[in-house]
Amino acid sequence: MSRPLGSNPLSALALLVVLASPSESAAQVWVGSAGPKPGSVEITAGGAWNAGQDLASRAATLTPNPGTGSSGFQLFTSDASLEPTLGANAAVAVYVTRRIAVEGAVRLARPQLRVRLGNDFEGAPPTTATTTLNQYVFTGSLLYHLGEGRVAPFVAAGAGHVRDLHGGNELVETGTEYHGKLGLKMWAGSRRRIGLRAEAGVSMIDGGFSFEERTRAVPIAMLGLSFRF
Amino acid sequence: MRRGVIAVATLAFVLLGGDPAAAYLKLGIRVGAGTVTLKWQKFPIRYFVSNASGGGVSATELRDVVNRTFATWDAVPRAEISAEFAGFTAARPNDNDGLTVIGFLNRPQQSRTLGATSFLVDTVTGEIVEAEIFLNSAFDWSVAPSGQPNRFDVESIMLHEVGHLLGLGHSALGETELRSGGRRVLAAEAVMFPIAFSAGSIEGRTLKPDDMAGLADTYPTTAFRRELGSISGRVRKDGRGVLGAHVVAFNLRNGHMVGGFSLNEDGSFVIGGLEPGPHALRVEPLDDGDVESFFDLTLNIDTNFRVKFHDRIIVVPRGGGTSGIEIRVEPK
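Note that the protein sequences, when read in sequence, are chains A and B.
Numbering (my numbering) for the first sequence: 27 to 255.
Numbering (my numbering) for the second sequence: 226 to 557.
Bound conformation, chain A alone (with noise of 0.2 Å):
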């Protein structure tokens, strides 16, 4: 006697079994693609903030004659700041977990170094001289993402190098740079392939161009657009 196909309990869960696998088994794929895994890579590419810096005030003194009862004698005063400026970043991601990447960036900038001089003994007209330098900060960093949803706030840390060239290129500087990190990356589309990156944080840099020998901690943001892939 025959029996219909559907009769069969098992049979029915069978074919059900396997008629949804492989339904299930592409959703489980698009939920994996909508999100990093590891190996998955993330360009970033946009525009950088640095904060100016207030740098040294100094003095041009000459030695005072004691005959004159002088305790000091200054020429002229000097007030330099590098000021705040735009510049490009680009950055490289490669996921080693689903919430941890390792970054390689560099970031662009080309800060106008002022000078105000003034306060001259013989009258000098004050006068603000300028200079412009191209500054390069190549970096590696460790993001942790603190969620894998279309929002994705991240911290980051890390360090790198940097490389200030001076006006024509006529004297390079460099130095050693830190970093700490707060961002957040907004995923667009069901693939969540192109989102918006947005930082801020400080970097602290030991060399490169300076007037003195201490760290200077300069407050940076960037905001980019970033494709994972």
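Derived by calculation from the structure, the hints in this document are not laboratory data.
Ideal placement from N, C-alpha and C gives every residue a C-beta, glycine not left out.
There could be a bad hint or two in this list.
As the list claims (entries may be wrong) - To spell it out: a stretch of chain B is covered by chain A in this simulated footprint if at least three of its residues, at any positions, have a beta carbon under 8 Å from a beta carbon of chain A; those stretches are:
1) 397 to 411
2) 423 to 433
3) 474 to 487
4) 495 to 505
5) 526 to 533
6) 536 to 544
As the list claims (entries may be wrong) - The calculated label-pair distances, taken between Cβ atoms and stated as ranges, are:
7) A/Glu239 - B/Val495: 28 to 36 Å
8) A/Ala243 - B/Ser548: 31 to 39 Å
9) B/Gln334 - A/Thr103: 40 to 48 Å
10) B/Asn375 - A/Ala243: 20 to 28 Å
Unchecked claim - Counterexamples of contact, computed for chain A against chain B with all Cβ distances above 12 Å:
11) Ala60
12) Gly61
13) Ala82
14) Thr123
15) Leu139
16) Leu143
17) Asn195
18) Leu208
Could you slot chain B onto chain A? The hints should help.
Quick look at chain B alone, frame taken from chain A:
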């Protein structure tokens, strides 16, 4: 060109007199259309100390001070000189006898001259063949480690004179004020400034960056060429070059000042021996002192312009130069 040996002008270090400003200046002589730097070409420089005491200082004390001052110049980084004491001599420091003699002379008629240096030079090569330094024993002198009130410090004045002996001219890095009877120095940042500090002062025992740059530029080592740099350009007024303008390079990192002069009719200047990094430039005229302390009076030194800062920061490269700087000044 005929080779010969001539005595060149004596450079005096004065008590009152005058010029402010800022910069080192190498001594030179005209040879044809160009200028040759005066410098020693054979080392060590062998010097004798006159056996006559003066101004309350013995010959032995003078020798010890002279040895120290040569050692101070010899210690200038990236410069290569050497000198040795050849002995005491009965010769006086005013003879062209082939000996380099340092000693006291009593010159009461030179009431403002503390000391002076004169040379015998080869008129073709600029080689210094012989030099003489005298300190004027009409003044009271001191060799006390901390100086003595109302006595001039032998070491301070001798350091200045030995700078001349090595080929340095006067620096203009200083400021003065007019007083009855002359010009008094208010402050200076070069041992080679032509007017001395007051009696009792020992500040002149320490070389300044301007002095050291001048010596290293005259007797450079390979490290000088590799590690230091220069700034060159022109000072112009109303479209024409300014001769004798004093240009000071101010190192924005450490505050060191080194100067140079525009030495041609086209206003061109070169400041060498600068540490790499950003510098501000200040230009000033030699307008309140004796121009002959710095230049031959036959030159048409222009002092009719206002002090000015250049509006660009100049970055000195390591082992090279930044050229083409043009500074425009305004007439007074």
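Against the structure, the hints come out as follows:
Counting residues of the segment 397 to 411 of chain B whose beta-carbon sits less than 8 Å from any beta-carbon of chain A gives 6, enough to reach three: the coverage restraint holds. Here's how the segment 423 to 433 of chain B fares: 6 of its residues keep a CB closer than 8 Å to some CB of chain A, so the rule of at least three is met and the hint holds. Here's how the segment 474 to 487 of chain B fares: 5 of its residues keep a CB closer than 8 Å to some CB of chain A, so the rule of at least three is met and the hint holds. Counting residues of the segment 495 to 505 of chain B whose beta carbon lies closer than 8 Å to any beta carbon of chain A gives 4, which meets the minimum of three for the stated coverage.
Counting residues of the segment 526 to 533 of chain B whose beta-carbon sits less than 8 Å from any beta-carbon of chain A gives 3, enough to reach three: the coverage restraint holds. Counting residues of the segment 536 to 544 of chain B whose CB falls under 8 Å from any CB of chain A gives 8; the rule of at least 3 is met. For glutamate 239 of chain A and valine 495 of chain B, the hinted distance range of 28 to 36 Å is satisfied, since their beta carbons lie about 30 Å from each other. Evaluation of the 31 to 39 Å hint for alanine 243 of chain A and serine 548 of chain B yields a pass: the beta carbon distance comes to about 37 Å.
With their beta carbons about 44 Å apart, glutamine 334 of chain B and threonine 103 of chain A fall inside the hinted range of 40 to 48 Å. About 54 Å separates the C-beta atoms of asparagine 375 of chain B and alanine 243 of chain A, a value inconsistent with the hinted range of 20 to 28 Å. At the 12 Å boundary, the C-beta of alanine 60 of chain A stays outside the reach of chain B, the nearest C-beta of that chain being 51 Å off. Once the 12 Å rule is applied to beta carbons, glycine 61 of chain A is consistent with being away from chain B; the minimum gap is 49 Å.
Not every beta carbon of chain B lies more than 12 Å from that of alanine 82 of chain A, the smallest distance being close to 8 Å; the non-interface claim is violated. No Cβ of chain B approaches the Cβ of threonine 123 of chain A within 12 Å, the least distance being about 46 Å, so the stated non-interface status holds. Separation of leucine 139 of chain A from chain B is inadequate, the least Cβ-Cβ distance of about 6 Å not exceeding the 12 Å criterion. Some Cβ of chain B comes within 12 Å of the Cβ of leucine 143 of chain A; the nearest lies about 4 Å off, and the non-interface call is violated.
For asparagine 195 of chain A, the shortest C-beta to C-beta distance to chain B comes to about 9 Å, within the 12 Å cut-off, and the non-interface label is violated. Every CB of chain B is more than 12 Å from the CB of leucine 208 of chain A (nearest about 34 Å), matching its label as outside the interface.
Going down the numbered hints, you'll see the structure goes against 10, 13, 15, 16, 17, while the others check out.
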